Amino acid sequence: MKVFVIGAGISGSLVARELSKYDCEVHVLEKAPDIGWGVTKANSAIVHGGYDDPPQSVRAKFAAKGNRLYDELSKELDFDFERVGSLVVAFKEEDINYLKELKERGKKNGVDDLEILEKSELKKVEPNISDEAIAALYCKSAGITEPWEVAIAAIENAVENGAILHLEEEVLDIQTKNQKVSKVITNKGEYEADVVINAAGLFADEIAKMAGVGDFEIFPRKGEYILLDKKLKGLVNTVVFPTPTKKSKGILVVPTVDGGILLGPNAKDLPKSMKYDLGTTPEGLQEVYEKSKRLIPKVELSYTVKTFAGLRPETKEKDFIISATKVWGFVNVAGIRSPGLTAAPSFAKYVVEDILQDQLKINLSKKKDFNPYRKRITNIRDVSLKEWEELVKKDPKYGRTVCFCNNVSEAEIVEAIRRGARTLDGVKFRTRASFGRCQGGFCSLKIVEIISRELNIPMEEVKLNSKNSWIMDGKVRA
Amino acid sequence: MRREKVDVLIVGGGAAGLAAAISATESGAKTVLLERDRSTGGVLNQCIHNGFGLHVFKEELTGPEFMERLWEELKEDVIRSNFTVLEIKPDTREVITLSEDGIIVFEPKALVMSTGARERPLNSLRIPGSRVAGIYTAGVAQKMVNIYNRLPGKKVLIVGSGDIGLIMARRLKIEGMDVVGVVEIMPEPGGLIRNVVQCLEDFNIPLWLSHTVIEIHGKERLSEVVIAKVDENRKPIAGTEKVIKVDTLVTSVGLIPQNELIENFVEMDPINRGPVVDDYMRTSVEWIFAAGNNVAIHDLVDFVYDEGKIAGMHAARYALGEKLPEVKYEFVRGKNVGVMLPQKFTGTQPFKMYIRPTKSLEKSVLKFSDKIIRKFNWRIRPSEMIDLVVKNFEGFDSKITVEVSNLD
Numbered sequence: 001m002k003v004f005v006i007g008a009g010i011s012g013s014l015v016a017r018e019l020s021k022y023d024c025e026v027h028v029l030e031k032a033p034d035i036g037w038g039v040t041k042a043n044s045a046i047v048h049g050g051y052d053d054p055p056q057s058v059r060a061k062f063a064a065k066g067n068r069l070y071d072e073l074s075k076e077l078d079f080d081f082e083r084v085g086s087l088v089v090a091f092k093e094e095d096i097n098y099l100k101e102l103k104e105r106g107k108k109n110g111v112d113d114l115e116i117l118e119k120s121e122l123k124k125v126e127p128n129i130s131d132e133a134i135a136a137l138y139c140k141s142a143g144i145t146e147p148w149e150v151a152i153a154a155i156e157n158a159v160e161n162g163a164i165l166h167l168e169e170e171v172l173d174i175q176t177k178n179q180k181v182s183k184v185i186t187n188k189g190e191y192e193a194d195v196v197i198n199a200a201g202l203f204a205d206e207i208a209k210m211a212g213v214g215d216f217e218i219f220p221r222k223g224e225y226i227l228l229d230k231k232l233k234g235l236v237n238t239v240v241f242p243t244p245t246k247k248s249k250g251i252l253v254v255p256t257v258d259g260g261i262l263l264g265p266n267a268k269d270l271p272k273s274m275k276y277d278l279g280t281t282p283e284g285l286q287e288v289y290e291k292s293k294r295l296i297p298k299v300e301l302s303y304t305v306k307t308f309a310g311l312r313p314e315t316k317e318k319d320f321i322i323s324a325t326k327v328w329g330f331v332n333v334a335g336i337r338s339p340g341l342t343a344a345p346s347f348a349k350y351v352v353e354d355i356l357q358d359q360l361k362i363n364l365s366k367k368k369d370f371n372p373y374r375k376r377i378t379n380i381r382d383v384s385l386k387e388w389e390e391l392v393k394k395d396p397k398y399g400r401t402v403c404f405c406n407n408v409s410e411a412e413i414v415e416a417i418r419r420g421a422r423t424l425d426g427v428k429f430r431t432r433a434s435f436g437r438c439q440g441g442f443c444s445l446k447i448v449e450i451i452s453r454e455l456n457i458p459m460e461e462v463k464l465n466s467k468n469s470w471i472m473d474g475k476v477r478a
Numbered sequence: 479m480r481r482e483k484v485d486v487l488i489v490g491g492g493a494a495g496l497a498a499a500i501s502a503t504e505s506g507a508k509t510v511l512l513e514r515d516r517s518t519g520g521v522l523n524q525c526i527h528n529g530f531g532l533h534v535f536k537e538e539l540t541g542p543e544f545m546e547r548l549w550e551e552l553k554e555d556v557i558r559s560n561f562t563v564l565e566i567k568p569d570t571r572e573v574i575t576l577s578e579d580g581i582i583v584f585e586p587k588a589l590v591m592s593t594g595a596r597e598r599p600l601n602s603l604r605i606p607g608s609r610v611a612g613i614y615t616a617g618v619a620q621k622m623v624n625i626y627n628r629l630p631g632k633k634v635l636i637v638g639s640g641d642i643g644l645i646m647a648r649r650l651k652i653e654g655m656d657v658v659g660v661v662e663i664m665p666e667p668g669g670l671i672r673n674v675v676q677c678l679e680d681f682n683i684p685l686w687l688s689h690t691v692i693e694i695h696g697k698e699r700l701s702e703v704v705i706a707k708v709d710e711n712r713k714p715i716a717g718t719e720k721v722i723k724v725d726t727l728v729t730s731v732g733l734i735p736q737n738e739l740i741e742n743f744v745e746m747d748p749i750n751r752g753p754v755v756d757d758y759m760r761t762s763v764e765w766i767f768a769a770g771n772n773v774a775i776h777d778l779v780d781f782v783y784d785e786g787k788i789a790g791m792h793a794a795r796y797a798l799g800e801k802l803p804e805v806k807y808e809f810v811r812g813k814n815v816g817v818m819l820p821q822k823f824t825g826t827q828p829f830k831m832y833i834r835p836t837k838s839l840e841k842s843v844l845k846f847s848d849k850i851i852r853k854f855n856w857r858i859r860p861s862e863m864i865d866l867v868v869k870n871f872e873g874f875d876s877k878i879t880v881e882v883s884n885l886d
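Protein chains in written order, with the numbering used here: chain A, 1 to 478; chain B, 479 to 886.
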């Protein structure tokens, strides 16, 4: 059995990891040079409670379940996950009715840790909340994580268990025979395939068309964000939402797992042709600022570290498309908009256990030697000084700091490269080097130097992320 | 974990730290200087242009030459490179460090913080557009060219007319890049006038004042930026947009003092963005001294050097058991005073004071509580610090209001 997973984002990587529990050949095809660089890289990084999805929706089917899987998953895959709780804040009397509605909906979705806080209780949970806030729906089980880290961890674990990762490999065509998947054609070659899992994010509609089952379209919806410095740690303790509108959950103020504060996203629908448009806009950033200030008046833009935008893959139905198709073996995991990060651990299991095994009657036997554990790259923030001292004794590179803002050592950079990072962003997303307040001012060239040394390539060939994102132009003099 | 007792511990081995090490060792204190980078000198390493040392050595030196003078002046071997300070514990007076020797906890009697500044990244300015390769701070571009021997691109626009931005405009032009121009959001250049003349005018590089970058475009590498003229509130004026095709953007948009290690327990000056200091370069915590660009951003390395010497000497005196005099006077910012140091003084010795006016004035005076201290017959500007020696403290109240105003 040969299974091809298209896309190494959060969906594809967790599906690949589920598949790697079974005896089958798993290939992951990713057109970017690294893991989690599409939709996964830029979102709010929230593990939602799962209360606000319409009870009949596919989203509701997986969100609350996915949330519950995060404790075990974060332990097995060793990524940061904190159940900080979330608040949906009401400003007007009629908002309170909506909170009650949400609470009811939550019950239907199987979320039972919801309570409505009155103003005084709300202030206790979130002291910096606006004085205009009158109540909030509190969901203790909501959490925060780092989506790209989840994807990296899942892929690393899948590869450890035998999956094969193909980076910079773009799917050009999918061939079928007698309404069955037969071949996957990429920019690098042709593969016989039995099953194709389409987890191609923004491009899932195009992949589905290749297989002749393109009956849906993906629209990019842009969300812009402002990231604030760790100095503001404690400004908010929970994920703070306004009362949502029909279009989106609104602009939120969120603590990040490494201590920063994230504001955003706004929501703007883009035409299909703009799936690569990750530019921020003046109006968008202004909107993010104003609306987050309405929730938390102490939000202070002079602490901005950076701004960025992400694209969510939307469909007309605004729901996930997770199902087998009329082409046998071709499975869609598409339209994974919010709460995709939350739901992914749950639908990954569903794809393998329900769709492949039950519906398609594929006989998959469990591996006896599956290792569920993956270790993250060790950083000084994760261990005691004593343990760090031991590491330095073993390898002095642990004693050489490269990124001063986030205290990342040379040993960690080398380890990131060993694990597959080949670009500045690859190192950044694996180690947090140059993620901090100086944004690489002190360390980016040192990292270029280390990548060049470790991969034995000239410094001019080290890229920021993609093929044409060169950093150095050539020698000043010979 | 090893422990090490020292008299004076200096954090940061740039010009201020090296100067502090010189005076602390000369004062007979057992001194250790911690440098987080591979070698000391800080930004001097990459500043291969001249203009350093005119005040201190009465000569025009390059950055590395200036640095060598400091190395020569430093007679004892006190430098430890590749040492990162993880934490300073004010209560127990412990400094926890990380190096290839593992974790070492220093127990100094006095501490000199000379941690310098970092560049403000363009990312923090919230300029709309794509996040692409090809955007560098002036310091990164400088390091790339002068240390790594690599060019950042072919065609460049410089954002911000701070000194390093101006110097990089010249350097990149000399090294063969097409330098399209320098945009400055303020109506006046941000760097020293001598640098505007020597780096831009002499090389025919245009300077667009009251202009800013409003958008950044490119798919993977930068391909163009949009600039526009701004009004007096620094808001872009519609209709003045101009597209500039460049593959590189070099930014010089400000320096930020680095005080993460002490800002939670030392009194900080919100305008300087550094610790409040007295004429002994002592902070609000009596055993902690500070000097250099972490106290406030200075114009010249010479000033930084002077401050380092003062901090090192007094830190040594304190560490060796001398009781330093108490603060008696305090400066309060009045009209048109921005960056200012020291903010307090003891009245026991003459000291140098630095003031950055908040706006340019044609003819003006410096006043201490309404008393004229100095007259300026030239244009003073925010980009150029006023430095003066304060000698006479007679007749002043403990609170002195500092003001720079028009001469009428």
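Please note that the accuracy of each hint is not assured.
As the list claims (entries may be wrong) - Non-contacting residues of chain A with respect to chain B, defined by C-beta distances greater than 10 angstroms in every case (computed): (1) Asp194; (2) Phe219; (3) Leu270; (4) Tyr276; (5) Lys326; (6) Ile362; (7) Glu389; (8) Pro396; (9) Lys475.
Stated by the list, open to error - Where chain A lies over chain B, by a calculated footprint (3+ residues, C-beta under 8 angstroms): (10) 547-557; (11) 629-641; (12) 755-764; (13) 872-884.
These are computed hints drawn from the structure, not numbers from a lab. Note that the structure is a prediction, hence the values are computed from the model and not measured. Where a beta carbon is used, it is the ideal one built from N, C-alpha and C, also for glycine.
Exercise for the section: Would you list, in rising numerical order, the hints stated earlier that this structure does not obey? Expected result: Per hint list: 4, 7, 8, 9, 10, 12, 13 violated.
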